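Colleague: Given next are the chains, with one letter for each unit.
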Amino acid sequence: QGKFTLLRDTRTDGSFLVHHFLSFYLRAGCKVCFVALLQSFSHYSIVAQKLGVSLAAAKERGQLVFLEGLKSCLDLLFGEEEQPGQPSPLQFLSRDLRALFDFVRVSLSAAAGDSWKGPVLLVDDLSVLLSLGAAPVAVLDFIHYCRVCVCCQLKGNIVVLVHSNEDSEDEENALVVNSLCHHSDLILWAEGLATGFCKDVHGQIKIIKRLSLRQAEQDLVQIYQYKIQDRNVTFFARGLSAAVL
Amino acid sequence: LVFTEEDKYGLYSNLLFKYFLAEGIVCGHDLFVASAKEHPDNILKELPAPLLDDCCRKELGDEAAAEKSEDFQDSMKIAWRYQNLPKMETSPTTYTKFGHYYDVSKKMSPELCQSVKLHSFYLHEELPFEPTMKTWNMNSGYARLLQSIQRIISQEGFDGSDPQKKQRNVLRIGIQSLGSILWGDDVCCSDAPEDPQSLTKFLYVLRGLLRKSLSACIITVPAHLIQNKAIMERVTNLSDMVVGLESFIGSERETNPLYKDYHGLVHVHQIPRLNSLICDVSDTKDLAFRLKRKQFTIERLHLPPDLSDTVSRASKQDLAGSAKLLSSGCGAMAIGKKHLDF
Chain A
7 QGKFTLLRDT RTDGSFLVHH FLSFYLRAGC KVCFVALLQS FSHYSIVAQK LGVSLAAAKE
67 RGQLVFLEGL KSCLDLLFGE EEQPGQPSPL QFLSRDLRAL FDFVRVSLSA AAGDSWKGPV
127 LLVDDLSVLL SLGAAPVAVL DFIHYCRVCV CCQLKGNIVV LVHSNEDSED EENALVVNSL
187 CHHSDLILWA EGLATGFCKD VHGQIKIIKR LSLRQAEQDL VQIYQYKIQD RNVTFFARGL
247 SAAVL
Chain B
14 LVFTEEDKYG LYSNLLFKYF LAEGIVCGHD LFVASAKEHP DNILKELPAP LLDDCCRKEL
74 GDEAAAEKSE DFQDSMKIAW RYQNLPKMET SPTTYTKFGH YYDVSKKMSP ELCQSVKLHS
134 FYLHEELPFE PTMKTWNMNS GYARLLQSIQ RIISQEGFDG SDPQKKQRNV LRIGIQSLGS
194 ILWGDDVCCS DAPEDPQSLT KFLYVLRGLL RKSLSACIIT VPAHLIQNKA IMERVTNLSD
254 MVVGLESFIG SERETNPLYK DYHGLVHVHQ IPRLNSLICD VSDTKDLAFR LKRKQFTIER
314 LHLPPDLSDT VSRASKQDLA GSAKLLSSGC GAMAIGKKHL DF
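Protein chains in written order, with this note's numbering: chain A, 7 to 251; chain B, 14 to 355.
Just chain A, same shape as in the assembly:
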């Protein structure tokens, strides 16, 4: 309740974590607002089906509010003039992310007759906003506003995916990622193996749980390795992959 989880990937693709959280929260009966900036609805839908959840059905019954970034962007650019009073959530492309935040707030506020458990905001992925022209400060402001609204006022959770690279030259991205790391309650960091590419172990995941926001030494750090399969992901302790045992 009221937790901010940061999904971070370095030199690998951490989107399997996004799929996991999406199906996890839907199955738990939470109301989910999914801001999907990088892939289309059908991509998530097909993977979710493999994981046992139907996104279309969730959308029908109002449990899932799906913002498909690619589609809204096209509507914004090539569509006819939008109706007044219904600004597109991607209006931010001019200045700040206020419209996006309003969209999130409206979709997660409890409507009459809602019986869902806590609201959840899921973002995939935040680094794309920088590519689209938003300033890093605007992105951080957006997250801050969302946190106040979703975590504190509505007692919900937020899960955000960012990409990061250790020797990256993308300073704006590094700024956003570092700042978010300091503010998260839980960080799931998917990384490539330090020894290179391996067919049986796709990477390692570092789980950092913040016990106190003041002292970093108290953080609980756990490291597992994982292998992604078609319908699920198996985790195991380091060095104990099925291929070795």
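Mimicking SDA-like on lysine to any residue, the simulated pairs with C-alpha atoms at most 25 Å apart in a straight line are:
1) B/K225 to A/A54
2) B/K225 to A/S46
3) B/K242 to A/L186
4) A/K233 to B/H280
Just a sample of chain B residues kept apart from chain A, beta carbon distances all over 12 Å, derived:
5) Y135
6) S153
7) V183
Worth flagging that the hints you see were computed from the coordinates, not collected in a lab. If you're wondering where the values come from, they're calculated on a predicted model, not measured in any experiment. Beta carbons are placed, not taken as given, at the ideal position from N, Cα and C, and that holds for glycine.
Let chain A serve as the given structure and place chain B on it in line with the hints.
Modeller: Okay, now just chain B, sitting in the frame of chain A:
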């Protein structure tokens, strides 16, 4: 969205580009070619001719038969443990149904070219921009290109907007040398470009258009000219597949005995992970290409045995160094700092 990083002189990436278009023609897909450098009509005139089934099979069959008959008799004496491993296929010897083969020395016949609908976009011939779309602070060249693509997609019904159309076809889009100065973008010239986000915005909207319609796109970019690595990272994130071509022309690798059979390396930086949790990773990451008189092939790079009389330290280090460069992993699967791939 296939993103190709061009090699230094653009020779080989152009070839790859033409292959993509030629495959489109042979499969009956519609084509859309955009360029600021060469007129699209010229590009279309120079597409490689497809090899007809029979002669292709025969040619490749002959070569393979010749090789096989030679080593069939010898069994391995020293490395006999390797005898049981399957023979490494470096080139396609069996004719697979997926894709076609092309003869680079011949040009595609104009009749074949005309058999599909061709759309082209040559930046310097476009009329001055009448914005019917909001430009969104994007470079005007890119904006015009997007508008043109979107118009073709909706007019020709690639996005399923015309229920009357019975036969749905695929649109193959090829964009040459995006990001170069000819498009009006200085991202390739300066370290701190004026508008670094034009390219990424363009790619995002293009991605949206591709996802919404039945189309596939290949883009070639002179990546070696882009100084700002941050842009390359963002661009990689926004593309489905990223392939880099590195040719040996003019570099010290041209004379390196390791690479004497090949003309360049293929770096696969990212492979698409669409509609599934996993992606299709091949066994090996080391790919090299070579341009024979008639064929352009991409093969697994295998180092020739070190048969020199003087096994000098220098050559060993070189080997290790190049092996290190070869096995840089691709972004969808994990890569690491040290390279002990296993």
